[in-house]
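There are 2 protein chains.
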Amino acid sequence: MSDSISFHMSADDFRTFGHAMVDWIADYHEHIESRPVMAQVKPGDIRAMLPATPPQTGEPFVEIMADVDRIIMPGVTHWQSPNFFAYFPANASGPAILGELLSAGLGVQGMLWVTSPACTELEIHMMDWLVDLLDLPAKFKSTAAGGGVIQDSASSATLCALLAARERASDFTINRSGGTGRITAYATSQTHSSVEKAMMVAGLGREQLRLVETDDTFAMRPAALAARIAQDRSAGFIPAFVCASVGTTSSNAIDPVRAIGEICQREHIWLHVDAAMSGTAALCPEFRWIHDGLELADSYCFNPHKWMFTNFDCDAFFVADRKALIQTLSILPEFLRNEATKSGAVIDYRDWQIPLGRRFRALKLWFVIRHYGITGLQYHVREHVRLAQEFAAWVAASDAFDVAVPAPLNLVCFRHRAGDEVNQQILDQLNRSGDLYLTHTKLDGKLTLRLVVGQTQTRAEHVAAAWTHIQAAATAVTAQRALKVSDP
Amino acid sequence: MSDSISFHMSADDFRTFGHAMVDWIADYHEHIESRPVMAQVKPGDIRAMLPATPPQTGEPFVEIMADVDRIIMPGVTHWQSPNFFAYFPANASGPAILGELLSAGLGVQGMLWVTSPACTELEIHMMDWLVDLLDLPAKFKSTAAGGGVIQDSASSATLCALLAARERASDFTINRSGGTGRITAYATSQTHSSVEKAMMVAGLGREQLRLVETDDTFAMRPAALAARIAQDRSAGFIPAFVCASVGTTSSNAIDPVRAIGEICQREHIWLHVDAAMSGTAALCPEFRWIHDGLELADSYCFNPHKWMFTNFDCDAFFVADRKALIQTLSILPEFLRNEATKSGAVIDYRDWQIPLGRRFRALKLWFVIRHYGITGLQYHVREHVRLAQEFAAWVAASDAFDVAVPAPLNLVCFRHRAGDEVNQQILDQLNRSGDLYLTHTKLDGKLTLRLVVGQTQTRAEHVAAAWTHIQAAATAVTAQRALKVSDP
Numbered sequence: 000m001s002d003s004i005s006f007h008m009s010a011d012d013f014r015t016f017g018h019a020m021v022d023w024i025a026d027y028h029e030h031i032e033s034r035p036v037m038a039q040v041k042p043g044d045i046r047a048m049l050p051a052t053p054p055q056t057g058e059p060f061v062e063i064m065a066d067v068d069r070i071i072m073p074g075v076t077h078w079q080s081p082n083f084f085a086y087f088p089a090n091a092s093g094p095a096i097l098g099e100l101l102s103a104g105l106g107v108q109g110m111l112w113v114t115s116p117a118c119t120e121l122e123i124h125m126m127d128w129l130v131d132l133l134d135l136p137a138k139f140k141s142t143a144a145g146g147g148v149i150q151d152s153a154s155s156a157t158l159c160a161l162l163a164a165r166e167r168a169s170d171f172t173i174n175r176s177g178g179t180g181r182i183t184a185y186a187t188s189q190t191h192s193s194v195e196k197a198m199m200v201a202g203l204g205r206e207q208l209r210l211v212e213t214d215d216t217f218a219m220r221p222a223a224l225a226a227r228i229a230q231d232r233s234a235g236f237i238p239a240f241v242c243a244s245v246g247t248t249s250s251n252a253i254d255p256v257r258a259i260g261e262i263c264q265r266e267h268i269w270l271h272v273d274a275a276m277s278g279t280a281a282l283c284p285e286f287r288w289i290h291d292g293l294e295l296a297d298s299y300c301f302n303p304h305k306w307m308f309t310n311f312d313c314d315a316f317f318v319a320d321r322k323a324l325i326q327t328l329s330i331l332p333e334f335l336r337n338e339a340t341k342s343g344a345v346i347d348y349r350d351w352q353i354p355l356g357r358r359f360r361a362l363k364l365w366f367v368i369r370h371y372g373i374t375g376l377q378y379h380v381r382e383h384v385r386l387a388q389e390f391a392a393w394v395a396a397s398d399a400f401d402v403a404v405p406a407p408l409n410l411v412c413f414r415h416r417a418g419d420e421v422n423q424q425i426l427d428q429l430n431r432s433g434d435l436y437l438t439h440t441k442l443d444g445k446l447t448l449r450l451v452v453g454q455t456q457t458r459a460e461h462v463a464a465a466w467t468h469i470q471a472a473a474t475a476v477t478a479q480r481a482l483k484v485s486d487p
Numbered sequence: 000m001s002d003s004i005s006f007h008m009s010a011d012d013f014r015t016f017g018h019a020m021v022d023w024i025a026d027y028h029e030h031i032e033s034r035p036v037m038a039q040v041k042p043g044d045i046r047a048m049l050p051a052t053p054p055q056t057g058e059p060f061v062e063i064m065a066d067v068d069r070i071i072m073p074g075v076t077h078w079q080s081p082n083f084f085a086y087f088p089a090n091a092s093g094p095a096i097l098g099e100l101l102s103a104g105l106g107v108q109g110m111l112w113v114t115s116p117a118c119t120e121l122e123i124h125m126m127d128w129l130v131d132l133l134d135l136p137a138k139f140k141s142t143a144a145g146g147g148v149i150q151d152s153a154s155s156a157t158l159c160a161l162l163a164a165r166e167r168a169s170d171f172t173i174n175r176s177g178g179t180g181r182i183t184a185y186a187t188s189q190t191h192s193s194v195e196k197a198m199m200v201a202g203l204g205r206e207q208l209r210l211v212e213t214d215d216t217f218a219m220r221p222a223a224l225a226a227r228i229a230q231d232r233s234a235g236f237i238p239a240f241v242c243a244s245v246g247t248t249s250s251n252a253i254d255p256v257r258a259i260g261e262i263c264q265r266e267h268i269w270l271h272v273d274a275a276m277s278g279t280a281a282l283c284p285e286f287r288w289i290h291d292g293l294e295l296a297d298s299y300c301f302n303p304h305k306w307m308f309t310n311f312d313c314d315a316f317f318v319a320d321r322k323a324l325i326q327t328l329s330i331l332p333e334f335l336r337n338e339a340t341k342s343g344a345v346i347d348y349r350d351w352q353i354p355l356g357r358r359f360r361a362l363k364l365w366f367v368i369r370h371y372g373i374t375g376l377q378y379h380v381r382e383h384v385r386l387a388q389e390f391a392a393w394v395a396a397s398d399a400f401d402v403a404v405p406a407p408l409n410l411v412c413f414r415h416r417a418g419d420e421v422n423q424q425i426l427d428q429l430n431r432s433g434d435l436y437l438t439h440t441k442l443d444g445k446l447t448l449r450l451v452v453g454q455t456q457t458r459a460e461h462v463a464a465a466w467t468h469i470q471a472a473a474t475a476v477t478a479q480r481a482l483k484v485s486d487p
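Protein chains in written order, with numbering that gives the first Met the number 0: chain A, 0 to 487; chain B, 0 to 487.
Any given hint could be a false lead.
A pair counts as met if it fits within one copy or between any two copies, since identical chains are not told apart.
[Said to hold, decoys possible] EDC-like cross-link-like pairs, simulated, lysine to aspartate or glutamate; straight-line CA separation at most 20 Å:
#1 Lys-140 x Asp-44
#2 Lys-41 x Glu-294
#3 Lys-445 x Asp-134
#4 Lys-322 x Glu-62
#5 Lys-41 x Asp-347
#6 Lys-140 x Asp-22
#7 Lys-441 x Glu-266
#8 Lys-138 x Asp-291
#9 Lys-441 x Glu-420
It should be emphasised that the hints constitute simulated quantities derived from the structure, not laboratory data.
My request is simple: use the sequences and hints to build the entire structure.
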């Protein structure tokens, strides 16, 4: 009798509101340029519009959607805007969004092969496809001794790599009995902060992360790495892990993977290569030099959710020896035992990651690769690089700005010649304007502006407009300062 | 000129295929009962249908969708089926799916307040709402010294809690210099395996996880905990972390949080309470006894993605002292520095989790809470508990089956009286049939069947049918065995 009561959304309502939501998203993307890129709100503004307590009875979905426009949108920074040039991109695309929608609609768990075989098998297959697409070393394929897995982020991939390195170096005794604080890892001051965080999480301590000297392109100096390893060995430390970056977050510096890899091979050190954004460039043969020496790496990751039109989260993490990773992360409680796992014929991805549960994220990758094809993916990545290079040329030719460091791909680091204060003012003025969004870094101690071309809809006109805005802001800032100086 | 070329999906195509995808999902849920719950494929079946290499040119979206039906669906185990009674549920609902869709459509990052203020502020607010909804201790609110954050899973929440406990106990020296292997943690043999995994990840070692004795309901014995702590202290260990379960995965055992909490307070040990599935029951005042003593806990988590109609991933993780968590997980590289963070007026959720990037997951929670209201959520949770209790009564009244352990909420553990082999055969036969999906555990060394009522669309008729199928399978299995015995 009580079965007739239901507060669930009916199938018809789901259709109606689902269509409306799809249309809302299409409209949003079509008109996204009319919005200020960076949210123009103060801390607390959004919360102040939300009711203090949850509603006692359900509310109509149309009201909820109206509140998305009224309450949420003013507080959104538009990462999908073609005028978003900040951080690294986290681009998305129609097929990716529909893949995410399907994943939510199916609502399956992929922690074990048996909990939804298609979820695991499509993921294995997409990871192997990515090896082909980027022409990565064949050892990263599931058909060899390696394999790939989708992680939420490069941070998590780095942590998993570090843990496997830690266990290999300790003969799996830290997993059993705890850490010693004698294991050391190597990166540079330019390496992503997730390595330092992983050292903390893994119980190895951030002091045991050695920051190796970089050259004038901010890339790791292999000789300095070798020297530091030797020094640590003689002091009784256990060098276990090197993280090489293919495209640092700060300035897109590309560490010399081959030279680093040769040292790691000789020293039996786990080499992890983090190509979070730049890896995608390897879709195009002409950019594959960034991966030179990758066959010497033990693990590798790049993020289709940064530059490959696949919405967050989708980091592709590869290992050369899947057994080391699985032995590091595997535990098997009774409630997860099953025939397929026992047979050894399947991959259970829960043993390749920190969490147990996992979504069906391979769907969006499958949709993206099939929708674009190799040709479509290559075209847009090439175009992004071309536009960034064009921008770098404009900067180089200008009287007021300099390119701070050569731009290998789609990230240009540049600065006004008048110093940190002026650069900060230019940055603040541009971001406040809402016309575009840039972020900064420091290179050689100097405040440096960054412009990344990687958003799905960023075209030549947006990059040209950005350059116009940047020049105008510089003129305004310097004029204002001249006025202040002349003002007693 | 090259600007006219684009391989992106047009807005119109996104509308067309988006509507089609919404309809596909609506149809899927309407007809889900016609599908075998558990995928009926062998390892490799799905991969064998996928092309070996990625396509050179893009493919029409209709072909991709056709392949979802042809290739993917045979390999899907239907977690959203009302006949899914296995593991713990990972239920979903219309408003949650639409929230996930919107999140993908916006494609924003919530790692810092400034990267999308609404993403952070809605999440803070929803976490505070959950404190009200479940009547959790006020100290878990952001307006007190605590606060909540969405994690991908309870595994990650447990890891974050353990790390904060490790750092508090070591005066933040392990983050700095690495582990000692002297820190101990406490759980039971029934505690989720994620605690053991977290001990490994955190570099503390699984040997330092003490499995405290349980009582005959499989709940932790506080006296045994106190004794083990004392023993460890006198042996020079540093007891730092206790995980109490409110509803174990195996049998829904509920550890006595108050008695455990009193010990932890006295001993200055971090108490984490894992209520991954069962926490949702506290929506209803009559089930709030499960949280008795929760005000003594340092951290707490439950998963709206299990039983609260919010699709995976959405674990709600609360801490009483947010400073300890932030101090444990915070690092601040130059590229993330910004005025809002410097001002101290905002929360940057990257310091509350392992990864850096994060999706806008609060949207789906907001949609669910507003769509159902308190009344709707309470109704369905009550109904699930009522149906499970009814099932337990049928089992208790049967000649062939016994309830293995009292069922406090919506998970019933039961077994056929004829022993492990018969139970295994019943389980296999039921799951092979596709009529329903059950999983097992071991209690007191005996194979035990588990039936969880928690799927969104599970109603009285499904639970009644499950009982009919279970009885029929038992009859068939025992008849077959009798035949074999009489057969020379």
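- Between the shortest in-copy and the shortest cross-copy C-alpha distance, which are at most 20 Å for Lys-41 and Glu-294: within, between, both, or neither? This pair counts as neither: shortest intra-copy Cα distance 48 Å, inter-copy 33 Å.
- Query: Which holds for Lys-138 with Asp-291 at a C-alpha limit of 20 Å: within a copy, between copies, both or neither?
  - Reply: within (15 Å within a copy, 53 Å between copies)
- Query: 20 Å Cα cut-off: does Lys-445 pair with Asp-134 within a copy, between copies, both or neither?
  - Reply: Intra 37 Å, inter 51 Å, cutoff 20 Å: neither.
- Intra- versus inter-copy proximity for Glu-420 and Lys-441 (alpha-carbon distance at most 20 Å): Only inside one copy: Lys-441 and Glu-420 sit 13 Å apart there, 66 Å across copies, limit 20 Å.
- With 20 Å as the alpha-carbon cut-off, assign the pair Lys-140 and Asp-44 to within, between, both or neither. between (49 Å within a copy, 18 Å between copies)
- Message: Cα distance capped at 20 Å. Does Lys-140 pair with Asp-22 within a copy, between copies, both, or neither?
- Response: Result: close neither inside a copy nor across copies, 39 Å intra and 36 Å inter.
- Item | Within, between, both or neither: Lys-322, Glu-62 at alpha-carbon 20 Å | Neither: 52 Å inside a chain and 37 Å across chains, both beyond 20 Å.
- Query: Using 20 Å as the alpha-carbon threshold, which applies to Lys-41 and Asp-347: within, between, both, or neither?
  - Reply: between (45 Å within a copy, 14 Å between copies)
- Message: If the cut is 20 Å between Cα atoms, do Lys-441 and Glu-266 qualify within a copy, between copies, both or neither?
- Response: Neither, since 33 Å and 46 Å both go past 20 Å.
The structure fails hints 2, 3, 4, 6, 7 (numbered hints given earlier, in ascending order).
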